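If you want the building blocks of each chain, they are given just below.
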Amino acid sequence: MGEREFIMSGMDEVLSRIENGTTIDTIVKELSMNRSTLLAMIEFLVDEQYLEVVDLQCSCSTSNLCEQCQCSGADTGHGMAMYVLTSKGLRFIS
Amino acid sequence: MKLSTGDRWDLIDKISKETVTFGAYKHTLKDAIGELTVKPMTGIPVAIAIMYGFWSVFGSFAGFFTDGFFVRLFDAYWLPWLQEIFPGQGGWLYAIMVDAGGIESGEFVLSSNCLESFGVLTSGLFVAVGVVLPAIIIFYLMLALLEDIGYMPRLAVLLDTVLHRVGLHGYAIVPTVLSLGCNVPGVAATRILETKKQRFIMMTLLAIFIPCGAQIGIMQDLMPNLMGWILLYLIIGYFIFGYILNKIVPGKAPEFLIDVPPYRRPLLSNIGKKVGGRVRGFFVVAIPFVLLGCAIVGVLYQLGVIQFLGDALAPVFVGWFGVPKETAGPLIAAFLRKDLAVAQLDAISDLMTPYQMITAVVLVSIYFPCVATFAMMLKEGWKELLGALAVLTVVVFAYGGLIHLIGILLGVA
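The listed protein sequences correspond, in order, to chains A and B.
Each step along the first sequence adds one to the number in this note's numbering, with nothing skipped, and position 46 is 46.
Each step along the second sequence adds one to the number in this note's numbering, with nothing skipped, and position 393 is 393.
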């Protein structure tokens, strides 16, 4: 299966799993896929506005520490990234 | 040349076939170690072990410096020295700044330790520097270590299901843990939550049920045998009222896809900067409020306001909450600093049974956020603040009354 077909057919699978709350590692394992492939798919879903990146601030930013901390305020809080379904994503899976 | 969407996909297919090798997911040892802390079967025992370790180090470190060094320094040297050199013994300024003392057989008697003296320069400094500072330093050091190792996101994943029951998600553990250090950054960190409903629930629960590091430190030092019960009541309240709020507050609490980073080696310089910055924040925010709190309570005592409030609110304190009316003073001080209020409760512990002490400390924790947290909540929006205060009022009376009722049923109230 080509990347395009894989992405299109796997998109609803990934989105429906996100609806129930999960981690990237869990999806990678459950769908037995390459992590980088899933990350690319998520990037695509974000670009297409099916998913939204949650703006996580590093905890240090709450105490004006980001200038000193390695995260520089742009990190997704302890190196963690979070995504949430948009209304377009919810419509797609329903 | 402009490519159509179909052509672009074909081109992507072609490039990816030539450049990318797709393989099945391979489980590595690193993944396995990472999973141990995320899967409930292994993750919960690991989390309990880490929390136990956290607690043990916290208690030992804080106890070592407070009991082994600061108690001796303040009670044996600082207090007697101030009692001697400060002018106007027995006067109102002396009572507010150094020692309120007591009357025995019609004579003014000086206090023997800093906790009972109630002075700004004695109780105030002792609580802030001698008791709270060691606790805050070790708390932030441990927290920075857990953050930099990469354990916090795993704890978030582990607790995701539980926290969804109260309308939050796993990452709500970050504001919660931060609040265990100080409620102010905890309230600020609620911004990481996605919806208004989640932010409101989180902010309300933090303001009511999460004791700050300063309060935990002083409880650990003054009433270690009651700590477990106090924290148990607060944790139960967190989930009961979180569950209720989730049912009645309109709005959504969506699910998330989380990308957990790998474990990594913490950098000493990074930890040093985090701890240093947070401790500096404590000095700037907390210490002036502790001293101010001491001064205000001292003035109110001198003016007879505490006595008046205690008498006026006696039916509520004694009848509804089951605590002595003398708790009015500490409850007023709690608005400025909860740690100071706990210290003041300990100073009147002779008037209370252990269960009344548990009730009084839980009330100090839940009855009102300290003034710094109050200001932070106001910054987040006055509507949210008013909503949180309305919930808080209901919670104080309902939960305070419930704890009293439990005590009556158990025959210990």
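One or more hints might be untrue.
As the list claims (entries may be wrong) - Distance ranges between label pairs, derived from CB positions:
{"hint": "1", "chain 1": "B", "residue 1": "Lys39", "chain 2": "A", "residue 2": "Ala40", "range": "21 to 29 angstroms"}
{"hint": "2", "chain 1": "A", "residue 1": "Glu19", "chain 2": "B", "residue 2": "Asp311", "range": "45 to 53 angstroms"}
{"hint": "3", "chain 1": "A", "residue 1": "Phe44", "chain 2": "B", "residue 2": "Ala398", "range": "20 to 28 angstroms"}
{"hint": "4", "chain 1": "B", "residue 1": "Gly401", "chain 2": "A", "residue 2": "Glu19", "range": "39 to 47 angstroms"}
{"hint": "5", "chain 1": "A", "residue 1": "Phe92", "chain 2": "B", "residue 2": "Pro262", "range": "15 to 23 angstroms"}
{"hint": "6", "chain 1": "B", "residue 1": "Leu267", "chain 2": "A", "residue 2": "Glu19", "range": "34 to 42 angstroms"}
Claimed, not checked - With a cut-off of at most 30 angstroms between alpha-carbon atoms, the simulated DSBU-like pairs for lysine-lysine come out as follows:
{"hint": "7", "chain 1": "B", "residue 1": "Lys2", "chain 2": "B", "residue 2": "Lys17"}
{"hint": "8", "chain 1": "A", "residue 1": "Lys29", "chain 2": "B", "residue 2": "Lys273"}
{"hint": "9", "chain 1": "B", "residue 1": "Lys39", "chain 2": "A", "residue 2": "Lys29"}
{"hint": "10", "chain 1": "B", "residue 1": "Lys273", "chain 2": "A", "residue 2": "Lys88"}
{"hint": "11", "chain 1": "B", "residue 1": "Lys247", "chain 2": "A", "residue 2": "Lys29"}
{"hint": "12", "chain 1": "B", "residue 1": "Lys30", "chain 2": "A", "residue 2": "Lys88"}
{"hint": "13", "chain 1": "A", "residue 1": "Lys88", "chain 2": "B", "residue 2": "Lys2"}
{"hint": "14", "chain 1": "A", "residue 1": "Lys29", "chain 2": "B", "residue 2": "Lys2"}
{"hint": "15", "chain 1": "A", "residue 1": "Lys88", "chain 2": "B", "residue 2": "Lys247"}
What the hints assert, rightly or not - Covered by chain B, per the in silico footprint, the following chain A stretches (three or more residues, Cβ under 8 angstroms):
{"hint": "16", "segment": "19-32"}
{"hint": "17", "segment": "42-54"}
{"hint": "18", "segment": "81-89"}
No wet-lab data here; the hints were simulated from the structure.
These figures come from a predicted structure and were not determined experimentally.
The C-beta atom is built at its ideal place from N, Cα and C for all residues, glycine as well.
Results of checking the hints against the structure:
no.	hint	in the structure
1	Lys39(B) with Ala40(A): 21 to 29 angstroms	26 angstroms, holds
2	Glu19(A) with Asp311(B): 45 to 53 angstroms	58 angstroms, violated
3	Phe44(A) with Ala398(B): 20 to 28 angstroms	49 angstroms, violated
4	Gly401(B) with Glu19(A): 39 to 47 angstroms	41 angstroms, holds
5	Phe92(A) with Pro262(B): 15 to 23 angstroms	31 angstroms, violated
6	Leu267(B) with Glu19(A): 34 to 42 angstroms	37 angstroms, holds
7	Lys2(B) with Lys17(B)	22 angstroms, holds
8	Lys29(A) with Lys273(B)	37 angstroms, violated
9	Lys39(B) with Lys29(A)	13 angstroms, holds
10	Lys273(B) with Lys88(A)	42 angstroms, violated
11	Lys247(B) with Lys29(A)	34 angstroms, violated
12	Lys30(B) with Lys88(A)	36 angstroms, violated
13	Lys88(A) with Lys2(B)	28 angstroms, holds
14	Lys29(A) with Lys2(B)	38 angstroms, violated
15	Lys88(A) with Lys247(B)	26 angstroms, holds
16	19-32	holds (count 11)
17	42-54	holds (count 3)
18	81-89	holds (count 5)
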